[in-house]
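Engineer: Taken in sequence, the protein lines are chains A, C, Z and P. In terms of my numbering, the first sequence opens at residue 1 and continues consecutively. In terms of my numbering, the second sequence opens at residue 307 and continues consecutively. In terms of my numbering, the third sequence opens at residue 613 and continues consecutively. In terms of my numbering, the fourth sequence opens at residue 898 and continues consecutively.
Don't take every hint at face value.
[As the list claims (entries may be wrong)] 30 Å max Cα-Cα, derived BS3-like pairs, lysine-lysine:
id, chain 1, residue 1, chain 2, residue 2
1, P, K916, C, K593
2, Z, K830, Z, K686
3, Z, K801, Z, K894
4, A, K156, A, K91
5, C, K509, A, K284
6, Z, K686, A, K284
7, C, K516, A, K306
8, P, K1086, C, K612
9, C, K592, A, K284
10, P, K1062, P, K981
11, P, K1107, P, K1086
12, A, K181, C, K516
13, C, K593, P, K981
14, C, K612, P, K1107
15, A, K210, P, K1107
16, Z, K697, C, K397
17, A, K116, A, K181
18, Z, K760, A, K286
19, C, K593, P, K1107
20, A, K203, P, K1172
21, P, K1179, P, K916
22, P, K1179, C, K592
23, Z, K801, Z, K622
24, A, K210, C, K516
25, A, K286, Z, K822
26, A, K151, A, K237
27, C, K516, Z, K875
28, C, K397, Z, K875
29, P, K938, C, K592
30, A, K91, P, K907
Hints in this document: simulated from the structure, not taken from any laboratory.
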Amino acid sequence: MSFETFIGSIEIRNPLILASGVLGTTYSTLQRAYTAGLGAVITKSIGPRSRSGNPNPSVFALQDIRSLINSVGLANPGYQSFRHDIEQLVKSETPTIVSIFGENQTEFSEVLDGLKDLNILGFEVNLSCPNTDKGGSQIGTDPDTVFNIVKTLKSKTDLPLWIKLTPNVSDIVEIANAAVKGGCDAIVAINTLKAMVIDIQTKQPILGFKRGGLSGSAIKPIGIRYIYDLYESFKDKIPIIGVGGISKGEDVVEYLLAGATAVEIGSAIGIAYPENMIRFITMKIKKYMQEHNYSSIGEITGGAHK
Amino acid sequence: MSFETFIGSIEIRNPLILASGVLGTTYSTLQRAYTAGLGAVITKSIGPRSRSGNPNPSVFALQDIRSLINSVGLANPGYQSFRHDIEQLVKSETPTIVSIFGENQTEFSEVLDGLKDLNILGFEVNLSCPNTDKGGSQIGTDPDTVFNIVKTLKSKTDLPLWIKLTPNVSDIVEIANAAVKGGCDAIVAINTLKAMVIDIQTKQPILGFKRGGLSGSAIKPIGIRYIYDLYESFKDKIPIIGVGGISKGEDVVEYLLAGATAVEIGSAIGIAYPENMIRFITMKIKKYMQEHNYSSIGEITGGAHK
Amino acid sequence: MTRQTLPNTKPIMCKIIKKEEECEDTFTFLLEIPVKVQGAKPGQFIMLWVPGVDEFPIGIAGFENNVLEIGIAKMGKGTEALLKKEVGDYLGIRGFYGKQFQVPREGEVNHLLIGGGFGMTPLKMLTTTLIKQEDKQEIHVFEGARTKSRLMYLEWFQNLHDAGKLVFHACTDDGSYGYKGYPTVDLEKFLQEARGSSIFYVAGPERMMKVIFDIGKKYDTVIDMQMSLADRYMRCGFGVCSYCAVDPTGWRICVDGPIFNTKQLEQITDFGVYKRLETGEKERI
Amino acid sequence: MTRQTLPNTKPIMCKIIKKEEECEDTFTFLLEIPVKVQGAKPGQFIMLWVPGVDEFPIGIAGFENNVLEIGIAKMGKGTEALLKKEVGDYLGIRGFYGKQFQVPREGEVNHLLIGGGFGMTPLKMLTTTLIKQEDKQEIHVFEGARTKSRLMYLEWFQNLHDAGKLVFHACTDDGSYGYKGYPTVDLEKFLQEARGSSIFYVAGPERMMKVIFDIGKKYDTVIDMQMSLADRYMRCGFGVCSYCAVDPTGWRICVDGPIFNTKQLEQITDFGVYKRLETGEKERI
Ligand SMILES: Cc1cc2nc3c(=O)[nH]c(=O)nc-3n(C[C@H](O)[C@H](O)[C@H](O)COP(=O)(O)OP(=O)(O)OC[C@H]3O[C@@H](n4cnc5c(N)ncnc54)[C@H](O)[C@@H]3O)c2cc1C
Ligand SMILES: Cc1cc2nc3c(=O)[nH]c(=O)nc-3n(C[C@H](O)[C@H](O)[C@H](O)COP(=O)(O)OP(=O)(O)OC[C@H]3O[C@@H](n4cnc5c(N)ncnc54)[C@H](O)[C@@H]3O)c2cc1C
Ligand SMILES: Cc1cc2nc3c(=O)[nH]c(=O)nc-3n(C[C@H](O)[C@H](O)[C@H](O)COP(=O)(O)O)c2cc1C
Ligand SMILES: Cc1cc2nc3c(=O)[nH]c(=O)nc-3n(C[C@H](O)[C@H](O)[C@H](O)COP(=O)(O)O)c2cc1C
Ligand code: FES
Ligand code: FES
Chain A
1 MSFETFIGSI EIRNPLILAS GVLGTTYSTL QRAYTAGLGA VITKSIGPRS
51 RSGNPNPSVF ALQDIRSLIN SVGLANPGYQ SFRHDIEQLV KSETPTIVSI
101 FGENQTEFSE VLDGLKDLNI LGFEVNLSCP NTDKGGSQIG TDPDTVFNIV
151 KTLKSKTDLP LWIKLTPNVS DIVEIANAAV KGGCDAIVAI NTLKAMVIDI
201 QTKQPILGFK RGGLSGSAIK PIGIRYIYDL YESFKDKIPI IGVGGISKGE
251 DVVEYLLAGA TAVEIGSAIG IAYPENMIRF ITMKIKKYMQ EHNYSSIGEI
301 TGGAHK
Chain C
307 MSFETFIGSI EIRNPLILAS GVLGTTYSTL QRAYTAGLGA VITKSIGPRS
357 RSGNPNPSVF ALQDIRSLIN SVGLANPGYQ SFRHDIEQLV KSETPTIVSI
407 FGENQTEFSE VLDGLKDLNI LGFEVNLSCP NTDKGGSQIG TDPDTVFNIV
457 KTLKSKTDLP LWIKLTPNVS DIVEIANAAV KGGCDAIVAI NTLKAMVIDI
507 QTKQPILGFK RGGLSGSAIK PIGIRYIYDL YESFKDKIPI IGVGGISKGE
557 DVVEYLLAGA TAVEIGSAIG IAYPENMIRF ITMKIKKYMQ EHNYSSIGEI
607 TGGAHK
Chain Z
613 MTRQTLPNTK PIMCKIIKKE EECEDTFTFL LEIPVKVQGA KPGQFIMLWV
663 PGVDEFPIGI AGFENNVLEI GIAKMGKGTE ALLKKEVGDY LGIRGFYGKQ
713 FQVPREGEVN HLLIGGGFGM TPLKMLTTTL IKQEDKQEIH VFEGARTKSR
763 LMYLEWFQNL HDAGKLVFHA CTDDGSYGYK GYPTVDLEKF LQEARGSSIF
813 YVAGPERMMK VIFDIGKKYD TVIDMQMSLA DRYMRCGFGV CSYCAVDPTG
863 WRICVDGPIF NTKQLEQITD FGVYKRLETG EKERI
Chain P
898 MTRQTLPNTK PIMCKIIKKE EECEDTFTFL LEIPVKVQGA KPGQFIMLWV
948 PGVDEFPIGI AGFENNVLEI GIAKMGKGTE ALLKKEVGDY LGIRGFYGKQ
998 FQVPREGEVN HLLIGGGFGM TPLKMLTTTL IKQEDKQEIH VFEGARTKSR
1048 LMYLEWFQNL HDAGKLVFHA CTDDGSYGYK GYPTVDLEKF LQEARGSSIF
1098 YVAGPERMMK VIFDIGKKYD TVIDMQMSLA DRYMRCGFGV CSYCAVDPTG
1148 WRICVDGPIF NTKQLEQITD FGVYKRLETG EKERI
């Protein structure tokens, strides 16, 4: 039984990837997440300049629905400062995807150009953050913009480009199509859902940025649906990576069956101890594969479409 | 302290309304829900012909996120048969909004024409059901279609027209704008979110229709966000009615503060006993109003925008 | 706190660990529930998912050590597919749903269980419960069917009868087992001769139940009649959709029933007369 | 089961039921928590939301009967706004987060609590815990400040000292209270003279802690040093965002700390040298 997973030309030791923005701001937390047993890690989304992000509160839990809301809003050190962290990751042989963002095509290009010489696994292009005023998910809702950005970035590098989509659209397949036409190497879905929590005692939105994005268990049925719909359209034409609400081995299998080639895990891995969580998840997947006579991860992908 | 709530020209005894599709297929369950203490009730969405809806399973609970997924898919008796149920409701003086749907403008008109002579409170136009192949939420994602349908229906009746929006769009304000320009009397948001659950044992989507809509606690932060965004755009230009994940008095207050004039409650009211649930909710709202010196519901609306 | 917990989950996949022909077109299945669940009560039901086919309500015939017993009668497409399932296959269950039969805790009373067809499944579980009770109350089971081969749990009830645990009154339309005729014949005979009060527990076709209800009303000694309304289309099973509701009370069979008592049945004008289809349309039974 | 429960909630709104000036620019607040919560442990912290202003980590100075005691020192915009809050106002809290000081259950040992500034808040709670312990171990508190008016909990510690519950070593830069100089002076004096082993519990500016750490390493009798790293920017407080993490271990102050022991501190090369800003950039402390 093998856990190796192929995402296009990339091979990783198992299909579990750390989602962007969770444990992703420092090389040491990324290294730690990889050492804990993941197949690869994705950095926090990195932009052209250092940003403080949005005021706190910027992350808190909604326990009753086993979820988080956040408005961290792309707080990041900027690519120039973050090069040092990436270099550490490369040195320690941590398979690293760098998530990048920008407010427009020029900014995306600047970040990619500034990091593409590093020995990383590839880039994830974040077209989907709901927590900024400019850029972010605005960009990810327009097929033409998506096509142009992907095409431009693709012309600049041979490294794999993954495109991360927002669920806050009428038709995710249309956006994915634009990205595929632009030449991307994988589709990643979903980012957080537009959300808000108001405190009724003080009568104000709790997040410092007021608006935020919902992640965690609450969005799993939504993520599964999107992966299923994407797989219906693309089958094995392009790898699809599932994200959203994974906290158990069963959730990983559900995403694979829906059509995911690999998965990303965010909220659940940050809460408490990555080491334990990843061990539990891996054990459960192994057990499932044994019970259902699977010898490789790839065989599970798309199983719910038969 | 008064609970009376004005939604445009309509006055109801409190801001709690039964959402469409829950307890809404028979006059007797609707009557019961009103008797239990609601301000008004909305029927299951009624179309031009009787429909069996989608195969079972078509509704089940996701306990860990306190939510439901459903693909009932507009199973309904058709307006001709349902007239009898509405007549019973009118006779018993149950303030009734009739939810209507169609696959196109002609069908919407047919249903409205077939029921507009009845002494009901108004119509809710369902532009947002995710569980049908044609019509449903397809219709609700295109501003022009929305404008045309609303305008046509409005020209046919003096009864208030509420427009129920889908959250599965890039920009809900754009759609709401089209509805307002078309002349609607209130905006209702949100309907369920596109979702799916796959059983990993048998490797297939559990719902008979495969795809479904997510409701319940998981979608509350999403509903709050949409109401907040709509209120930012419309302020008190048009009443906004909040729906999605309400199960406690606190949730109602949160929606009011976000900008709702009234709220609809679905999933939570069906589970167990409407009578108890509504009593608890009402008690909590009363307590909140006392503690915060509110003398009417209207004063709470939009309080989080100050 | 107004917090409300969802009473149920998505279908829990259970392995069939035993399958046995019960009578013609009817099989008993034993399902192993892989998670700890609270005990089921006689009269409750589950929503049973036959993957890829359909989901529908099924009564509970027994529950012990996390193993669930159900009895399935062939009806249409769904039950047919179900009867083809074999040991080792998986079925999804949601539940346990609905109200149970209310057995009075004290006082001497004759327990009269009356039914036919798959109505015998909740009555089997009720019987199991009743014969465990210490006190010496009379238990009478009245079962009717078209012919001997369609009498459900025949051997099971006959054995209990022979062991003196209950009195089994079987009858068939064709006289192939028990007496020839309807269960109502022996029932009326019993009521005319019986000493003390009686309670009815009835599960079967609704028109039959209505007839029994009218009989029961004639006797002052019948202190309650509890009937399982299982002739209504169900979607959710936990009270949300309203497709199973009865007029004019707005009671949902799945939550407020399926077991209703005399007082309630008197208020349900639909009882024995109308039901709603899966479209919500009303139809004569 | 791999099921993981979120350890926390959205901010719980708590009423301020008492506010008291503690020392210059520093106030004690008592907050009434409206829901039942599990007991806080010395060393743990909360994320405190000043509505409309900011949210930041604050140590726990005491917890009894669902009432939380915190001590706030004026720093910038957020703490300033907080200090303007009055009895009756509401603050939001999330928590309790982080690891506690590890007090050995048995064996004779000197407990040396060393700190300054708002670092005294967890040390206050630790003191409360230690003096409740039956066994007669020595407790020494070393507190330093610029001047007398900035010595936090001065009266509280002095009273305990006078009652013989602990030995209070106060010092100030200007000699306005206690001896003139740094806490390290009395600390070293104590270590040179003391019998038996000692444990350090330290909370204060990180550079001061580094100095103390280097002192402690010189003495074999110091069997453990536990230090509260509270000089890191925090967003979530429960391990998700990583802004608070230290290199090269990838430990998150909020979950894996804020209390670290000698073995851990030796691995944290950032300790006393670098911290991350709210952008994630690294900066010399
Ligand atoms: C509370 C309750 C308990 C029941 N217990 C048992 C039992 O223990 N054993 C047993 O064999 N049967 C039981 N039934 C009946 C069983 O649900 C139907 O026989 C089954 O749904 C038929 O499905 P089908 O696909 O084979 O038939 P179809 O061809 O689909 O329909 C045949 C008839 O079955 C009924 N039916 C179909 N779907 C549903 C549904 N979702 N809900 C309700 N009725 C439906 C309709 O009346 C329909 O006319 C129970 C029904 C209820 C309401
Ligand atoms: C684990 C821990 C426990 C603490 N306990 C206490 C306590 O009991 N009493 C007390 O008065 N203070 C305590 N602090 C420090 C307190 O968090 C800062 O004083 C406060 O955040 C300053 O906010 P400000 O807006 O007033 O200052 P600002 O003007 O915003 O900044 C001043 C300094 O405060 C720090 N700071 C600001 N925001 C944060 C943040 N989100 N996370 C961490 N540091 C921040 C930064 O180092 C910054 O340089 C603790 C800090 C930590 C990490
Ligand atoms: C605190 C936090 C910060 C995040 N930051 C980013 C980010 O910078 N870039 C990005 O593409 N996604 C970001 N995300 C989204 C996650 O990568 C992921 O898509 C989402 O959380 C759903 O997965 P989950 O439910 O497993 O968390 C963030 C999520 C959280 C909770
Ligand atoms: C079983 C079920 C059926 C529904 N049917 C309809 C419908 O026919 N028309 C409609 O507009 N909304 C329908 N809805 C959506 C609800 O009216 C409501 O918008 C949604 O469930 C969110 O509210 P809630 O979280 O309070 O349930 C249905 C919801 C459920 C759970
Ligand atoms: S089956 Fe849905 S309410 Fe009874
Ligand atoms: S504050 Fe977010 S990980 Fe520590």
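Engineer: Determine for every hint whether it applies to the structure shown.
Structural biologist: Here is how each hint holds up against the structure:
Taking the CA atoms of P/K916 and C/K593, the gap is about 27 Å. The hint holds against a cut of 30 Å. About 35 Å separates the Cα atoms of Z/K830 and Z/K686, which puts this hinted pair outside 30 Å; it is violated. The hinted pair formed by Z/K801 and Z/K894 fails the criterion: a straight-line CA distance of about 36 Å is larger than 30 Å. Annotation: proposed proximity of A/K156 to A/K91 holds, straight-line Cα distance about 24 Å (limit 30 Å).
Between C/K509 and A/K284 the CA atoms are separated by roughly 16 Å; this keeps the pair inside 30 Å, and the hint holds. For a cut-off of 30 Å, the pair hint linking Z/K686 to A/K284 is broken: about 38 Å separates their Cα positions. Distance hint between C/K516 and A/K306 is fulfilled; the C-alpha atoms sit about 12 Å from each other, no more than 30 Å. Restraint check for P/K1086 and C/K612: not satisfied, since their Cα atoms lie roughly 59 Å apart, outside the 30 Å limit.
With a CA separation close to 48 Å, the supplied pair C/K592 and A/K284 exceeds the 30 Å bound. For the hint linking P/K1062 to P/K981, the alpha-carbon distance of about 34 Å lies beyond 30 Å, and the restraint is violated. With a C-alpha separation of about 18 Å, the suggested pairing of P/K1107 with P/K1086 holds against the 30 Å cut-off. Taking the CA atoms of A/K181 and C/K516, the gap is about 28 Å. The hint holds against a cut of 30 Å.
Taken as a hint, the C/K593 and P/K981 pair is honoured in the structure, with Cα atoms around 28 Å apart against an allowance of 30 Å. Restraint check: the Cα-Cα separation between C/K612 and P/K1107 comes to about 47 Å, which exceeds 30 Å; the hinted pair is violated. With a C-alpha separation of about 39 Å, the suggested pair A/K210 and P/K1107 falls outside the 30 Å cut-off, and the hint is violated. For the suggested pair Z/K697 and C/K397, the alpha carbons sit about 50 Å apart, so the restraint of at most 30 Å is broken.
For the hint linking A/K116 to A/K181, the alpha-carbon distance of about 22 Å falls within 30 Å, and the restraint holds. Restraint check for Z/K760 and A/K286: not satisfied, since their Cα atoms lie roughly 51 Å apart, outside the 30 Å limit. Proximity of C/K593 to P/K1107 is assessed by CA-CA distance (about 53 Å); at most 30 Å being required, the pair is judged violated. Taking the CA atoms of A/K203 and P/K1172, the gap is about 35 Å. The hint is violated against a cut of 30 Å.
Using a Cα cut-off of 30 Å, the hinted pair P/K1179 and P/K916 is violated, with the two alpha carbons roughly 37 Å apart. Among the hinted pairs, P/K1179 with C/K592 is inconsistent with the structure: their alpha-carbon atoms are about 51 Å apart, more than 30 Å. For the hint pairing Z/K801 with Z/K622, the CA-to-CA distance comes to about 47 Å; that exceeds 30 Å, so the pair is violated. Restraint check for A/K210 and C/K516: the C-alpha separation of about 35 Å exceeds 30 Å, so the hint is violated.
Taking the CA atoms of A/K286 and Z/K822, the gap is about 56 Å. The hint is violated against a cut of 30 Å. Of the supplied pair hints, the one linking A/K151 and A/K237 holds, its CA atoms being roughly 18 Å apart against a limit of 30 Å. With a CA separation close to 42 Å, the supplied pair C/K516 and Z/K875 exceeds the 30 Å bound. As the CA atoms of C/K397 and Z/K875 are separated by approximately 25 Å, the hinted pair is consistent with the 30 Å bound.
A C-alpha spacing of about 37 Å is found between P/K938 and C/K592, which places the hinted pair above 30 Å, so the restraint is violated. Simply put, A/K91 and P/K907 have alpha-carbon atoms about 39 Å apart, too far for the 30 Å limit, and the pair is violated.
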